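Input sequences plus hints: build the corresponding full structure.
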Amino acid sequence: MFGSQIIPTIGFIFLLGAAFAPIPIAWSTWTASSAPDNTETAGGLFVAAVQLSAAMGAVGGGLIFDTNGSNGVYALSAVSWVGSALLAFTLFRSNSNSERLKFPIRRTT
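Note that our numbering numbers the sequence shown so that position 75 is 179, with each residue one more than the last.
No lab work stands behind these hints: they were computed from the structure.
Any given hint could turn out to be false.
Quick list of the computed label-pair ranges, beta carbon to beta carbon [what the hints assert, rightly or not]:
| id | residue 1 | residue 2 | range |
| --- | --- | --- | --- |
| 1 | GLU144 | PRO112 | 36 to 44 angstroms |
| 2 | PHE150 | THR194 | 29 to 37 angstroms |
| 3 | SER132 | TRP185 | 39 to 47 angstroms |
| 4 | GLY121 | GLY164 | 20 to 28 angstroms |
| 5 | PRO112 | GLY148 | 36 to 44 angstroms |
| 6 | SER188 | GLY121 | 15 to 23 angstroms |
| 7 | LEU119 | ALA162 | 16 to 24 angstroms |
Given the structure is predicted, the values throughout are model-derived calculations rather than measurements.
Every residue, glycine too, gets a C-beta built ideally from N, C-alpha and C.
Right, dumping it as structure tokens:
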């Protein structure tokens, strides 16, 4: 992204780490407060989602790279980020009640 400029590259890597490192902690905190009896199930769901996302990204990125090169991968990444942001904004904006953060797994006891 920054070519041979090492300082901006290091800064960008730190920025990405700072942006995405809190996600597992936030997920664990949310599930512990929303579904205290199902935290183990939620943890398994989180691991499965991360693994599936990594696999889909690797396959999709490889296919795009084979057909369009590295520019195609960057373009697809930009489109998916913008699409995800719009989807999240639309879903959270349209559902303004407090029930939107409730955990979807029901208690069995």
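Practice task
Against the structure, test the hints numbered earlier, and report the numbers of the ones violated in rising order.
Solution key: Violated: hints 2 and 3.
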